[in-house]
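There are 4 protein chains.
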Amino acid sequence: MGITVLSTIPGYSIMIILIQCTDRIGLVAAISGVLAHERLNITSLREHVDQAENRFFLRLETALHPDIPKLSAALKDVLPTDASITISTGSKRQIAVMVTKEYHCLADILIKNFFNTLDASVLAVIGNHPNLEDVCRRFGIPFYLVSHEQKTKSEFEQQIIEVLDSLPADYIILAKFMRILSPGFIARFPKKIINIHHSFLPAFVGASPYRQAFERGVKLIGATAHFVTDDLDQGPIITQATIPVSHSLTAEDMITAGKEIETSVLGRAMSLVFNERVFVHKNKTVVFDY
Amino acid sequence: MGITVLSTIPGYSIMIILIQCTDRIGLVAAISGVLAHERLNITSLREHVDQAENRFFLRLETALHPDIPKLSAALKDVLPTDASITISTGSKRQIAVMVTKEYHCLADILIKNFFNTLDASVLAVIGNHPNLEDVCRRFGIPFYLVSHEQKTKSEFEQQIIEVLDSLPADYIILAKFMRILSPGFIARFPKKIINIHHSFLPAFVGASPYRQAFERGVKLIGATAHFVTDDLDQGPIITQATIPVSHSLTAEDMITAGKEIETSVLGRAMSLVFNERVFVHKNKTVVFDY
Amino acid sequence: MGITVLSTIPGYSIMIILIQCTDRIGLVAAISGVLAHERLNITSLREHVDQAENRFFLRLETALHPDIPKLSAALKDVLPTDASITISTGSKRQIAVMVTKEYHCLADILIKNFFNTLDASVLAVIGNHPNLEDVCRRFGIPFYLVSHEQKTKSEFEQQIIEVLDSLPADYIILAKFMRILSPGFIARFPKKIINIHHSFLPAFVGASPYRQAFERGVKLIGATAHFVTDDLDQGPIITQATIPVSHSLTAEDMITAGKEIETSVLGRAMSLVFNERVFVHKNKTVVFDY
Amino acid sequence: MGITVLSTIPGYSIMIILIQCTDRIGLVAAISGVLAHERLNITSLREHVDQAENRFFLRLETALHPDIPKLSAALKDVLPTDASITISTGSKRQIAVMVTKEYHCLADILIKNFFNTLDASVLAVIGNHPNLEDVCRRFGIPFYLVSHEQKTKSEFEQQIIEVLDSLPADYIILAKFMRILSPGFIARFPKKIINIHHSFLPAFVGASPYRQAFERGVKLIGATAHFVTDDLDQGPIITQATIPVSHSLTAEDMITAGKEIETSVLGRAMSLVFNERVFVHKNKTVVFDY
Chain A
293 MGITVLSTIP GYSIMIILIQ CTDRIGLVAA ISGVLAHERL NITSLREHVD QAENRFFLRL
353 ETALHPDIPK LSAALKDVLP TDASITISTG SKRQIAVMVT KEYHCLADIL IKNFFNTLDA
413 SVLAVIGNHP NLEDVCRRFG IPFYLVSHEQ KTKSEFEQQI IEVLDSLPAD YIILAKFMRI
473 LSPGFIARFP KKIINIHHSF LPAFVGASPY RQAFERGVKL IGATAHFVTD DLDQGPIITQ
533 ATIPVSHSLT AEDMITAGKE IETSVLGRAM SLVFNERVFV HKNKTVVFDY
Chain B
293 MGITVLSTIP GYSIMIILIQ CTDRIGLVAA ISGVLAHERL NITSLREHVD QAENRFFLRL
353 ETALHPDIPK LSAALKDVLP TDASITISTG SKRQIAVMVT KEYHCLADIL IKNFFNTLDA
413 SVLAVIGNHP NLEDVCRRFG IPFYLVSHEQ KTKSEFEQQI IEVLDSLPAD YIILAKFMRI
473 LSPGFIARFP KKIINIHHSF LPAFVGASPY RQAFERGVKL IGATAHFVTD DLDQGPIITQ
533 ATIPVSHSLT AEDMITAGKE IETSVLGRAM SLVFNERVFV HKNKTVVFDY
Chain C
293 MGITVLSTIP GYSIMIILIQ CTDRIGLVAA ISGVLAHERL NITSLREHVD QAENRFFLRL
353 ETALHPDIPK LSAALKDVLP TDASITISTG SKRQIAVMVT KEYHCLADIL IKNFFNTLDA
413 SVLAVIGNHP NLEDVCRRFG IPFYLVSHEQ KTKSEFEQQI IEVLDSLPAD YIILAKFMRI
473 LSPGFIARFP KKIINIHHSF LPAFVGASPY RQAFERGVKL IGATAHFVTD DLDQGPIITQ
533 ATIPVSHSLT AEDMITAGKE IETSVLGRAM SLVFNERVFV HKNKTVVFDY
Chain D
293 MGITVLSTIP GYSIMIILIQ CTDRIGLVAA ISGVLAHERL NITSLREHVD QAENRFFLRL
353 ETALHPDIPK LSAALKDVLP TDASITISTG SKRQIAVMVT KEYHCLADIL IKNFFNTLDA
413 SVLAVIGNHP NLEDVCRRFG IPFYLVSHEQ KTKSEFEQQI IEVLDSLPAD YIILAKFMRI
473 LSPGFIARFP KKIINIHHSF LPAFVGASPY RQAFERGVKL IGATAHFVTD DLDQGPIITQ
533 ATIPVSHSLT AEDMITAGKE IETSVLGRAM SLVFNERVFV HKNKTVVFDY
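Residue numbers (our numbering), protein chains in the order written: chain A, 293 to 582; chain B, 293 to 582; chain C, 293 to 582; chain D, 293 to 582.
Okay, chain A solo, but in the shape it has when bound (with noise of 0.2 Å):
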């Protein structure tokens, strides 16, 4: 059982409290029976019970408690003990992005963040080519050259993760970045890895998936974003969408086309997870939308 006490989106003076456990008869009544008992509104509650996996996913808005420690006692002893609960109340999340050469999600999150509308801090980039070093400093933001070349994976990871272990980031944004990362490197960020995949998974795993689509002939093309798993493109999905192309579209045309949609369905994953509203159990998502 995990308690975890984590931060929101500024200027909310809500609680977000999230609850994912084994389920059984009376959860929601013990839950909200705590939040009653310290006079607490709840004004938005979303509840969800997996019935092939007997598991119970729960999310609710109520106003502020002014102890959050006590509060998450009382929950803790009405809950299985399998249960994580997170408690978010107000600071906004912390993200080192890593890039590779492609600007657009970058951009759009270095501008969300700047403007602040991206519901988190971007504490620091982290690219394997020094082209999107000058976005950065214009933005003062901090950009880490970590240079793939003439280097073994291992090192070239070890190099991310000294500058990664330097940050207090709560999520690692994969904004297009274009190396695959080693299972060693995963592991070290459960679910706190999230990744932008240019197709509409599981159509087109792996490299050049604009390439395999314009030879496929499809009619649409797509992003993925999902959480970054041992397993190539095949972690759970947070968000994807779709976009209808034509035949007068080369390969490269595609690539151009999918940059909004890369942008659009990342940004969307960020604001679905920073705002609490994504479970992950084994690998899929329990996804709580607007």
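Among the hints, erroneous ones may be present.
Identical copies look the same in the list; a pair holds intra-copy or inter-copy alike.
[Said to hold, decoys possible] Under the rule of at most 20 Å between Cα atoms (straight-line distance), these lysine to any residue pairs were calculated in the SDA-like manner:
no.	residue 1	residue 2
1	483	524
2	576	507
3	384	310
4	483	463
5	368	325
6	574	509
7	368	574
8	574	541
9	576	506
10	393	426
11	576	546
12	483	509
13	393	416
14	551	533
15	393	431
16	576	540
17	551	563
18	551	344
19	483	375
20	384	545
21	393	435
22	443	360
23	445	480
Honestly, the hints are just simulated from the structure, not real lab data. Fair warning: this is a prediction, and the values are worked out from it, not measured in the lab.
Mind docking chains B, C and D on chain A? Use the hints.
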């Protein structure tokens, strides 16, 4: 305070409970406490508080209870006096359909009714033109021809009311019924008449919306399903959608292109309403979507 | 080089001309020059050159010409020897429909056929299960029951071929026909068989795509209409679309949710093909959409 | 008759030719005949005749011609006297951007301009509030503060005109500029001012469309990009799109949710206009989309 015991889609071994009332602290705890006491597991729950209106909306799914009146009374005891409680336990809605000349929405309803996927049963179709009688007859559905010609509106509506009064219809579906109904008619069936309007309201209120859309040179057309109130095309919106159109379409082409979106939007609205996912409060809806 | 004089949607006082051939300078001038010489005004024209393939595709709409053979010969004279020319002049396509048990795509076809908005005429329906016979009968459409049981695939297909050989069908629509057809069968009807596949290809090729989608935890499902070739689910894609799904849907719910998008995608593919908007070249299509 | 030799996106080794005129038989033959005579291969062509207006619209892509004036003269010779001919040969559009306080559309333009994917160059930004100066400065784009305070509308507009007159802007982009411009101002820049309106016009004309949308309880919100004419929000629509919203959004949430669709719709409109895909005729557009 009203308690309604209704019916829902067949084959479900679940109950759906809808509650709407003035908000106050502890409502979720009170409701879920009653269910826990009855050993009913809540497999899905959505709660929304409209804070500006101080209004509480809740929908939950749980196992069937053997004694609905007892459960209703227990819920009533813990809720504000203005609470409306609806408990749906498995039999289908019954509907009457009103049409004029266009076939597409009616045909979708007849087909789903025939193959038992409508989540409702069609009792009868009332048309003010004879041309849709044939398709009704082919599916064994009674068709009542009530022409508006050579009658006052009052006489016309009185004849329709006589047909409707002979039916135990839960809802009246205006599936492209092209006559404007009087406030007196509508008042007899509050929150029971669902209309499909062939534009994305509030654009193009009233007659010939596709002609209006064509003249304006819009790049998308749409459809809106709404409950019917006294005020033409101003009732609470259930759902709406749009599709892109181009300069190459004439106003007549737009009418053709609109058929699919009209059918789809009305179908979705019926599914939401028949599955107890829609609340009406003042001139808006709360829709707990899939 | 082939010249085909076909038919198109009724009531049109226009001709649609499709030309596909090896590209060379001056083709548009040559074609439009022939039409100008005949005093035919071109009201809509789309031309696309696939430069990688050096392939020319053209579709135009013009007034009816009284002497189609003369016009065809004049066009043939100015085009490369490999040109295929199709001139459509107003009568409807004729189709055969093949089904198994699911009703939704078939019912949409039958309804549009009945109300004369399909842009084609349904000659017959062939089913390998008896359960869709009733709905065909209600619309007066011949239903041929050809069971696959206790037969070799060859015997089964031979019986279907006998039915099809008795019909003058321009296209064969697989409206949720759930048996895999042999290469020999398909070779008899090149570019004439249109299938609806219940996934956004190339994701989830083969059986039970919704089960696959559910297991993978995707956030959208889709449908793909394509011409059928030897290679299962690998033929030229005509059109495809997706809809969002959530964690709350079981695999069975996805099957239900998919019915509307399957119906819509197959309907759109038929409209595009029957209105002479689709070219096939190798394993891709060129679609001159509305 | 006007002949304009403009510029288009960089790196293209193609010419784009747009022709609009009164329709008559033989126009495609005449135009393509001129190109064939010059040994220019047409790789893409779209022609549309608005038959109610007897108006001819044509867009084609072909190889670069070394002598544009000669080509223009040859085309002029074969066309009606009212023909407008635009030949685009490769340099980018130049634009001025007008803003008030909201950053999202401007930031998208600045980012694409910085990474050279806007299909245009930003010459300057004019704002009537100072808060977007910082982001412009970070990208090295001149920002002109022209406050409307303590000025007549005429004085305010005169100051803007002085800035615009100093620039060779092809288009003026109103990227959430929240002041209504006078007919006199607009008349100086016919078909050159593009606005993003934060609703799916013609719904919610004028001020506070999201507040209007919230009050009406709509289930989708949208955005419309249009050319600006004298008549508020009534100019020719270039493109528009919608997104779904639910009861859980306040009017303020809708404003936030609308930012992405506004940015996307304005971005698409600019791409269409800058790539010579949009004709204006009377109060409508003909858009030859990708």
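Of the hints given before, which are not true for this structure?
7, 18 and 22
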